[in-house]
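K.L.:
So you can see what is in the structure, the chains are spelled out below.
There are 2 protein chains.
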Amino acid sequence: MLTIKSRDRNYTVETCADLPAALSSVSRPARAHYLVDQALFQHYGPALADVAGQAVTLVATEEQKTYEQLTPIFLELLRRGLKRDGVLVVIGGGVLQDIGCFIASVLFRGLYWELIPTTLLAQADSCIGSKSSLNIGPYKNQLGTFCPPGRVLLTPAVLGTLPPDEIRSGLGEVIKLQLLNGAAGFEELMADLAGGPASLPPSLPSDLLAKWTMRSLAVKQPYIEADEFDRGIRNRLNYGHTFGHAYESATHFAIPHGIAVLLGILTATHLSVRLGLATPAHYVDLKHRLAPWHQPYGATLRQVELAAVFQAIKHDKKNTGDAVNCILTAGPGRMEKRAVDFQRDLAPSVTEFIQHELAG
Amino acid sequence: MLTIKSRDRNYTVETCADLPAALSSVSRPARAHYLVDQALFQHYGPALADVAGQAVTLVATEEQKTYEQLTPIFLELLRRGLKRDGVLVVIGGGVLQDIGCFIASVLFRGLYWELIPTTLLAQADSCIGSKSSLNIGPYKNQLGTFCPPGRVLLTPAVLGTLPPDEIRSGLGEVIKLQLLNGAAGFEELMADLAGGPASLPPSLPSDLLAKWTMRSLAVKQPYIEADEFDRGIRNRLNYGHTFGHAYESATHFAIPHGIAVLLGILTATHLSVRLGLATPAHYVDLKHRLAPWHQPYGATLRQVELAAVFQAIKHDKKNTGDAVNCILTAGPGRMEKRAVDFQRDLAPSVTEFIQHELAG
Chain A
1 MLTIKSRDRN
11 YTVETCADLP
21 AALSSVSRPA
31 RAHYLVDQAL
41 FQHYGPALAD
51 VAGQAVTLVA
61 TEEQKTYEQL
71 TPIFLELLRR
81 GLKRDGVLVV
91 IGGGVLQDIG
101 CFIASVLFRG
111 LYWELIPTTL
121 LAQADSCIGS
131 KSSLNIGPYK
141 NQLGTFCPPG
151 RVLLTPAVLG
161 TLPPDEIRSG
171 LGEVIKLQLL
181 NGAAGFEELM
191 ADLAGGPASL
201 PPSLPSDLLA
211 KWTMRSLAVK
221 QPYIEADEFD
231 RGIRNRLNYG
241 HTFGHAYESA
251 THFAIPHGIA
261 VLLGILTATH
271 LSVRLGLATP
281 AHYVDLKHRL
291 APWHQPYGAT
301 LRQVELAAVF
311 QAIKHDKKNT
321 GDAVNCILTA
331 GPGRMEKRAV
341 DFQRDLAPSV
351 TEFIQHELAG
Chain B
1 MLTIKSRDRN
11 YTVETCADLP
21 AALSSVSRPA
31 RAHYLVDQAL
41 FQHYGPALAD
51 VAGQAVTLVA
61 TEEQKTYEQL
71 TPIFLELLRR
81 GLKRDGVLVV
91 IGGGVLQDIG
101 CFIASVLFRG
111 LYWELIPTTL
121 LAQADSCIGS
131 KSSLNIGPYK
141 NQLGTFCPPG
151 RVLLTPAVLG
161 TLPPDEIRSG
171 LGEVIKLQLL
181 NGAAGFEELM
191 ADLAGGPASL
201 PPSLPSDLLA
211 KWTMRSLAVK
221 QPYIEADEFD
231 RGIRNRLNYG
241 HTFGHAYESA
251 THFAIPHGIA
261 VLLGILTATH
271 LSVRLGLATP
281 AHYVDLKHRL
291 APWHQPYGAT
301 LRQVELAAVF
311 QAIKHDKKNT
321 GDAVNCILTA
331 GPGRMEKRAV
341 DFQRDLAPSV
351 TEFIQHELAG
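Chain order of the listed sequences is A and B. Take 1 as the starting number for the first sequence in the working numbering and just add one per residue. Take 1 as the starting number for the second sequence in the working numbering and just add one per residue.
Quick caveat, the hints were computed from the structure, so don't treat them as lab data. Just so you know, these numbers come straight off a predicted model, no measurement behind them. Be aware that a few hints might be false.
Put simply, identical chains are the same to the list, so a pair is met inside one copy or across any two.
What the hints assert, rightly or not - Under the rule of at most 30 Å between Cα atoms (straight-line distance), these lysine-lysine pairs were calculated in the DSBU-like manner: (1) Lys287 to Lys314; (2) Lys5 to Lys211; (3) Lys83 to Lys314; (4) Lys314 to Lys337.
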């Protein structure tokens, strides 16, 4: 069990045998209301049947994760009688977590909630750190809050039922965290994944994903504890995200988040070479090692209008003027934040990356 | 100047000569965007003209203060280019404060904001304490956040331009705070207000409202500093509010907030007598002394369906079961929180208060 330090309250990350075990471990079940990803009913219908009477079921899409689309969810929870001494239990991946965290942040000026993350991305990365993000109108991730759950209940067994792209999306963040951590962790991860995407569940040993889930959380924990509100060192967790978010947005979310982050990591590293921070050899090495993990979405990105990418980068909420704040790298474990001139450096590097580096 | 301690940041309450002085004192004006109560343009059009190009103007109604109605405001602020290093300047009364505070809480996961409160209620009470409340669908004040402004800029001169009911609404909270404080402050306030409602601005000396604004904030400050998140002692500031909120809601907000609070204070005191906590003499004394300040809204309340009042009380977000949490009183300066049985005590007392105590 991990205990994560947070301003509001410390919270725990506990491992449960499987989803039914996690459900029966929820606090104050008599007062619990549930937000559940509809996709889970395919594999876990019987287990979820017990809570279905107190559950709001959602389809986890980018469109659902909007300020506007939360209105009927608030109304349904209130109509069912959720009160301030209740518990909101959120079961799903990143989209469900964003929705549940935001609701818990603003309902009754703060509602106790617990999280059962069911994707690799949510288990290995987003479940700690207490962030939510919502879209509004054409603006992506501009709304959000910081509000940690009281408990995170991990269920590694659920990962065996995920589709391969979902696992690859999570691996994008797992790879990012090991790159942040330094060369040793990254090399060990690459060795464990040497079988390539073909080795993904059900053929990948399930304890391997559980191992890298805990290793990922261990890398992330000191960043979020030192800087919960993302004013300094925590920024480095955004390595690959300025570009990744833009790639998701410009392709209308045709690229899964973690895979867009991998493409964003390569872009940030390409830009780091342009700015004299990273060596060309590091970029080339990374490009070859990450290629199996973002295919075939590099081709998806090549087809997008560059103007759409640039517009999305300019709308990023991390920007504060004409320069764009990017996390750049000098190699594994050596990331730093820099304001990059858009016209002179960022646009040419992104253009070259998309038009030439992703070719065949 | 007051400095208010808060978890997020300490913040200041500063007094400015008038609204133009407050406007020119705003921080980082080049990056400021404004939310302005439309009613202010009647008296302060020229002063506000300078910021109108960066201002979203709102009509301060209960309908505007809803989750749903905030969407176009967020979109307009984003369209105009508000960024995370910007400042949101909120100019208006309680409704504008609720809207601005909520927006600042969730935009970019927290945006710096400053508040220029322009009603007596906002200046003397709500401007400190960092709360926001929003309605959603049929549910009143169920959403909200805690997010203090960086600075509160008081402009007592603005109070001279308010309509009498607006002043009386603010006086409701001023009276409540002095009742919380103890007999001495309450007696001094009653002496200052001996001229009755006819003495309100412009005939009331303007320095008297400024005096009671600062005296009110001085009473409120230790409560919110000791218990910013309303988990204990701060509850006492809700004296009169369980009933006051229900009276507002059941009359579709025909009764101004602070006047509903005065009626709620009398109800809570009436209930306190029933439960053996307050003496009948204290209730009768309070009833006669507060009567001039809630007339003619007692008559408004008498016309409402009791069922609507009871439904509103049951929906109050402070309730956690069948009992209703009320702040009761044993006299000035002696408030306490109790769970009151709805059927046995609360409903009979409220019925008697509305049907008999408000008669002629």
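K.L.:
Look at each hint and say if it fits the structure.
P.N.:
Structure-based check of all given hints:
1. Lys287 to Lys314: within (25 Å within a copy, 61 Å between copies)
2. Lys5 to Lys211: So Lys5 and Lys211 pass the 30 Å test inside one copy only (22 Å; across, 44 Å).
3. Lys83 to Lys314: between (41 Å within a copy, 11 Å between copies)
4. Lys314 to Lys337: within (17 Å within a copy, 52 Å between copies)
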